[in-house]
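Engineer: So the sequences go chain by chain: L and Z.
Residue 305 in full-length UniProt numbering is what sits at position 305 of the first sequence, and the numbering runs on without skipping anything.
Residue 343 in full-length UniProt numbering is what sits at position 343 of the second sequence, and the numbering runs on without skipping anything.
Hints are supplied without guarantee of correctness; some may be wrong.
[Stated by the list, open to error] Once the Cα atoms are required to be at most 27 Å apart in a straight line, the calculated BS3-like pairs of lysine-lysine come out as:
#1 L:K260 <-> L:K67
#2 L:K67 <-> L:K288
#3 Z:K123 <-> L:K123
#4 L:K333 <-> L:K288
#5 Z:K333 <-> Z:K250
#6 L:K250 <-> L:K333
#7 Z:K250 <-> L:K123
#8 L:K288 <-> Z:K288
#9 Z:K123 <-> Z:K67
#10 Z:K260 <-> Z:K250
#11 L:K260 <-> Z:K123
#12 L:K123 <-> Z:K260
Worth flagging that the hints you see were computed from the coordinates, not collected in a lab.
Number of protein chains: 2
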Amino acid sequence: MSAIGATRGENVTADSVNALLENGRILTTPVLRSVVARLAPPMDTVASYHFGWIDQAGLPAEGDGGKAVRPALALLSAQAAGAPAEAGVPGAVAVELVHNFSLLHDDLMDGDEQRRHRHTVWKVHGPSQAILVGDALLALANELLLEQGTAEAGRATRRLTSATRKLIDGQAQDISFEHRERVTVAECLEMEGNKTGALLACASSIGAVLGGASEADADALEEYGYHLGLAFQAIDDLLGIWGDPETTGKQTWSDLRQRKKSLPVVAALAAGGPASERLGELLLADAKNPENDAFSEEEFALRAALIEEAGGREWTSEEARRQYATAIAALDKMDMPDEIQRKLVGLADFVVVRNK
Amino acid sequence: MSAIGATRGENVTADSVNALLENGRILTTPVLRSVVARLAPPMDTVASYHFGWIDQAGLPAEGDGGKAVRPALALLSAQAAGAPAEAGVPGAVAVELVHNFSLLHDDLMDGDEQRRHRHTVWKVHGPSQAILVGDALLALANELLLEQGTAEAGRATRRLTSATRKLIDGQAQDISFEHRERVTVAECLEMEGNKTGALLACASSIGAVLGGASEADADALEEYGYHLGLAFQAIDDLLGIWGDPETTGKQTWSDLRQRKKSLPVVAALAAGGPASERLGELLLADAKNPENDAFSEEEFALRAALIEEAGGREWTSEEARRQYATAIAALDKMDMPDEIQRKLVGLADFVVVRNK
């Protein structure tokens with residue numbers, strides 16, 4: 001994906017980003033597994049399936065547990081505050097638990113049948129287990145943080161709770177957008193800030209909070225994470241329309257099929273001009289016809305072409321670039337070791353320069 | 001309900017229990033309303049419907065918000081610790097939020113269409129809103145407590161989180177029992193302790209924790225609330241089979257229709273003897289026939305009679321009495337004003353001597 005041009009992490013190679021992600025996984029996965037094992041059966045099994053540790057038959061698996069960007073950010077944030085990476089581990093695991101709570105519930109609400117190239121939990125174990133295990137992961141996140149018993153853990157829990165509330169607000173907004181004819185660019189950005197920005201903000205600061213950072217430093221890291229989340233989401237919205245199904249694991253025109261009012265769409269509709277107006281007419285007609293499974297590839301291709309012609313694709317690319325720049329600039333508000341700052345820039349580059 | 005014989009709260013009249021409950025409502029409802037108003041639309045509306053503040057059309061209503069025993073307990077527990085009732089308000093509201101989170105999700109999982117004589121949220125606003133608003137209430141509970149910013153609030157949040165985890169474990173156990181042929185009395189009691197006891201334990205101690213009580217005193221109050229919860233649930237299980245539909249608002253033989261493996265059923269099955277064996281055969285045959293809507297009243301009446309004949313009704317009444325006695329005895333482990341102890345006994349009487 002070349003949505004972002006030159007990035008600032010020239011000194012951090014792809015290899016070292018992979019090492020950061022891998023290190024995050026190594027430090028956090030054993031803790032994640034041990035807290036998931038606290039769940040009453042069959043929730044422990046259902047959660048293990050969700051995390052890719054076992055397959056549908058209950059046999060050990062090496063599933064795709066996701067990119068694990070959030071744990072890596074949480075550990076780096078501890079180091080940014082001068083603490084060892086290990087200080088961030090409970091925060092990293094708590095954020096992963098909240099993230100996966102939201103995946104379990106959102107997949108059910110959205111009717112998504114696939115995640116990480118496997119059937120979703122509600123599809124395999126039924127809606128009740130998806131609800132219950134999601135609830136349990138959310139409660140576990142708070143349990144894990146609060147049992148640290150420190151004032152820092154209390155502050156971290158408060159920030160995580162605030163992020164969780166925003167995450168839920170964002171999902172509520174996303175669902176309400178489906179029933180609306182028009183959504184403004186500002187509303188879309190607010191929704192994406194809640195749904196994606198807030199938890200990435202928390203991931204990027206929670207380790208620092210646990211490591212004893214000042215509120216001002218934690219806020220600077222939150223700002224980095226929030227705008228990184230918005231950059232991430234802008235790229236995600238581009239991939240949702242123009243991504244390669246082979247690498248994204250989703251269908252072609254995935255977001256158009258789901259009629260998502262994502263950034264490229266709302267930006268194109270707001271742009272004005274002939275392509276924007278034609279797109280508006282088509283989407284309005286589509287909305288009156290709730291079943292679009294019968295749409296041909298050509299019909300999706302036409303909508304995608306109109307979004308691009310109206311400038312929605314270019315605007316979203318620029319938006320990703322703007323959010324990336326704001327994220328990187330926020331790092332200068334905090335005094336941190338140069339090496340850690342370079343790594344945070346490197347992770348930001350990884351998040352925005354991607355094709356899946 | 002005369003399941004419990006003589007109780008100890010002779011000095012607390014029904015009027016003064018009603019005053020306790022009403023006082024709890026007066027102190028907590030404004031705070032509950034103000035935190036619910038923080039939710040993004042349409043979650044604020046959906047939650048207001050759930051709490052009975054508005055009707056399906058969105059017009060103001062004076063709905064039945066439930067007995068409000070938990071808020072009253074939370075405020076009394078603050079007073080037990082020598083603090084003013086007001087000190088317990090954030091705890092009372094947080095417990096109510098968690099309780100209602102579980103109602104929203106459980107009604108959806110259980111397919112229950114009615115609650116407090118009104119349609120349930122998932123039935124009116126759809127499953128997604130029931131999931132989302134439940135999630136939001138859970139997060140709000142932690143938010144409200146943690147924003148108090150005190151060490152006591154941190155301890156209270158930790159106890160509330162522990163209770164929430166047990167609540168979820170209990171619901172998971174309850175669901176798993178539906179798919180099993182036999183459940184032991186011990187398993188049933190464990191499930192009910194998780195599903196009902198844990199949150200009542202938290203309600204009975206959270207005000208004290210916020211009011212600065214020692215861990216030992218908070219534990220004594222938790223013990224009172226836990227066993228009170230088990231007594232409450234035993235009565236609930238009796239009403240679920242033999243309650244008067246006019247007062248309970250449920251169908252006749254409600255729990256038998258839902259094939260719940262409640263205490264009277266598992267106790268009857270464990271008792272042995274001809275009635276117990278006949279009941280076991282019938283329930284086993286029922287389990288092979290998943291649709292029992294066609295069952296006649298006589299068939300339910302036969303099952304209820306066999307449960308009673310096998311001793312399930314009497315055992316459950318005795319169990320309620322035992323749990324009540326254990327709850328009351330726990331109060332002597334803490335040094336508290338006599339007047340408050342009398343009120344806690346009075347509330348316990350109210351909880352176990354009821355017909356709906």
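Engineer: Now look at each hint and say whether the structure bears it out.
Structural biologist: Here's how the hints hold up against the structure:
Between L:K260 and L:K67, the direct Cα distance comes to roughly 24 Å. Compliance with the 27 Å bound is thereby established for this hinted pair. For the given pair, L:K67 sits about 38 Å from L:K288 by alpha-carbon distance, which is inconsistent with the 27 Å threshold. Annotation: proposed proximity of Z:K123 to L:K123 holds, straight-line Cα distance about 22 Å (limit 27 Å). Taken as a hint, the L:K333 and L:K288 pair is broken in the structure, with Cα atoms around 49 Å apart against an allowance of 27 Å.
Using a Cα cut-off of 27 Å, the hinted pair Z:K333 and Z:K250 is violated, with the two alpha carbons roughly 38 Å apart. With a C-alpha separation of about 38 Å, the suggested pairing of L:K250 with L:K333 is violated against the 27 Å cut-off. Taken as a hint, the Z:K250 and L:K123 pair is broken in the structure, with Cα atoms around 32 Å apart against an allowance of 27 Å. With a CA separation close to 45 Å, the supplied pair L:K288 and Z:K288 exceeds the 27 Å bound.
At most 27 Å may separate the alpha-carbon atoms for a hinted pair to count; Z:K123 and Z:K67 meet this at roughly 23 Å. Proximity of Z:K260 to Z:K250 is assessed by CA-CA distance (about 14 Å); at most 27 Å being required, the pair is judged to hold. For the given pair, L:K260 sits about 25 Å from Z:K123 by alpha-carbon distance, which is consistent with the 27 Å threshold. Proximity of L:K123 to Z:K260 is assessed by CA-CA distance (about 25 Å); at most 27 Å being required, the pair is judged to hold.
Checked against the numbered hints above, the structure breaks hints 2, 4, 5, 6, 7, 8 and satisfies the rest.
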